[in-house]
Amino acid sequence: MNNKDLRMALVMMVIFIILYAISFSFQSSGVVKSHTTASFFPRVVLLVAMFLTLIMIIQSIRRGPDEAKKKMDKAVFKRVALTMACAAGFGLGVVYLGTLVSIALFIVATMLAWGVESKRVIILTALLTPVLIYLVFNQVLLVQLPSGILI
Amino acid sequence: MDQLMVGFMTIMEPMNFLAVFVGVLGGMIIGAMPGLTAPMGVALLIPFTYGMQPVPAITMLVSLYCGATFGGSIAAILVHAPGTPAAAATTFDGYPLAQKGQAGKALGMACISSALGGLFSVVVLILLAPVLAEIAIKFGPPEYFALAVFGLSMISSLGSRSVVKNLLGGTIGVFIACVGMDSISGFSRYDFGLTHLMDGISFIPVMIGLFAATEVFRQAEKGIRKVVVDRKISGLLPTWKEIKSVKTTLVRSSLIGTFIGILPAEGGTVASFIGYNEAKRFSKTPEKFGTGCLEGIAGPECANNAATGGAMIPTMALGIPGSGTTAVILGALLVHGMRPGPLLFLQHTNVVYAVFIGMFLANLMFLGLGLGGARIFSQILRVPNYVLSPIILVLCVVGTYALHNNMADVWIMLICGLIGYKMKAYGFAAAPIVLGLVLGELIEISLRRSLIVFDNNPFIFFMRPWSLAFIILTVVGLCMPLITSWIENRGQNNKEK
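Read top to bottom, the protein sequences are chains A and B. Sequential numbering from 1 applies to the first sequence in the working numbering. Sequential numbering from 1 applies to the second sequence in the working numbering.
Some residues of chain B that are not near chain A, with every Cβ distance over 12 Å (derived): (1) 21; (2) 237; (3) 381.
Just the calculated beta-carbon pair ranges, DEER-fashion: (4) B:415 <-> A:14: 14 to 24 Å; (5) A:123 <-> B:343: 46 to 56 Å; (6) A:138 <-> B:53: 18 to 28 Å; (7) A:78 <-> B:18: 42 to 52 Å; (8) B:9 <-> A:25: 48 to 58 Å; (9) A:13 <-> B:468: 30 to 40 Å; (10) B:343 <-> A:115: 51 to 61 Å.
Derived lysine-lysine pairs resembling DSBU-like cross-links, with alpha carbons at most 30 Å apart: (11) B:222 <-> A:78; (12) B:424 <-> A:74; (13) B:424 <-> A:78; (14) A:74 <-> B:222; (15) B:222 <-> A:4; (16) B:422 <-> A:4; (17) A:4 <-> B:424; (18) B:244 <-> B:288; (19) B:422 <-> A:74; (20) B:288 <-> B:247; (21) A:119 <-> B:222; (22) A:78 <-> B:422.
By construction, these hints were calculated from the structure, which means they are not laboratory data. Quantities reported herein were computed from a predicted structural model and do not represent experimental measurements. Idealized CB from N, CA, C, for every residue including glycine.
The following block holds chain A by itself, in its conformation from the complex (with noise of 0.2 Å):
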């Protein structure tokens, strides 16, 4: 049995019937055809999904068991998901403080968190990311970056 692709199979599964239920409940405007209403295609879409995750149970079931599974790395881990939490910070420092002054922060934090040890890389890139940005979107492609409450 393969442990890793039967959990993820099964949640897909929970998930699809979740949808399909959720169908149900889209307005129709009482007309004859079913094809006409908004519900028909992705119930046709989310049987075929749930077709293919049931042979995907059904393959995980038939295969060996999972090959020596490779745990990640408490450090890599650790990169991996301050990494991610930076990018979710930067999102909504783009809202809160700024576009320019949201770019220098993510920079320092995500490179502090992959272990970057050279204060020069760290400063000029983020000195130099947010200038080179704010001239391209800004200045030539005339995009309007979100100002927060700073810049």
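Once you've looked at the hints, dock chain B against the given chain A.
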């Protein structure tokens, strides 16, 4: 011919010429860096094209596609790490030749082969795409439905090794396309009360998330990596005798690459491996393959660039992407208000031919840039991933925001990045999801229109010749992996007996 001349004159305008140059240069830089792929480059470049006219915008994107496909060979030859998946087969002979102190010759051969393959495929694109579009203009909803399903079924061979996972990825993509207002009844679906979702989920945030943000998280997993380039690059031009010695390989790989590219969902990676294998099979000295022979570089490099023009044929003429990168280009065409397909050739003739000529020019341009600037491009490999990755994520966020000046798109992009990262860990590839997303609307509309027009008759798809042909091809395409594995298992059992 007139249209080609108009296209040529359009491309020669300074802004358009510059767009080709920037696209090729950007593509070569992206291609040269291991971990950065062509679809990621195109997805990241789209935000920069929002304010542009369609000709420079699309030309820049296709030029990046051509440049990145060649650029992958730089890292493959110099550091034994393919810059893009399409350059994986180039490592077999490119790196051994570089180890012998002939990195320059290997890069020169890769550049010339790539350019010739690319130029050949653009000629085929110019000749074939309008013909295909003329045939496709007669297609009705049943044919389009069957064609789109055929395109989607071909994703079984894309990215990950599992056919079921690829098909499931494609189905998820089609489902994402269902979110938002139903175009026929006008009722909203899966918007969960969020106004932003009523318009549906845009391709661009999903593409940027799946291709670019996912890669940043994967780089975080790998940690700090520095590439050491210690090879001296000299003598870039192979001799005339050496070029002549691979001419048959070049012709064969051009044909293979273009044909593989035309097949929906097949791309440069498949083309390059077949190009390499066929070069070895027909070689007079197959034993030299793997030791640094020029045929082993010319075969895959010519084929993967030939696949670029080939992949553009179904994308432009039918609206069915020929590869992951062309799926992103298709999304870009939609952003610029053009729907790929036969009508594109009638409604936007000038744009279409300007893009074709732009692609031709891009292949010539990377020939010049590659031969002239190989030493400089090899230095790009030195940029460490801890500098590049945060900058890529910044571009992802700012670029996605620029699409509609809306933070909701940014959150969708980041969520897709996380989902893409997790799915990749479970063996799912991003390309099938994007392909499904791009084809989803076409599949839904053509299916429902067919049923409406032909009075709810599901057999209509089997009663029209083109649609029947596509359905047969779909069934054959889906059964092929099963048949192949059955034959392989049988062969193995016979051996064991």
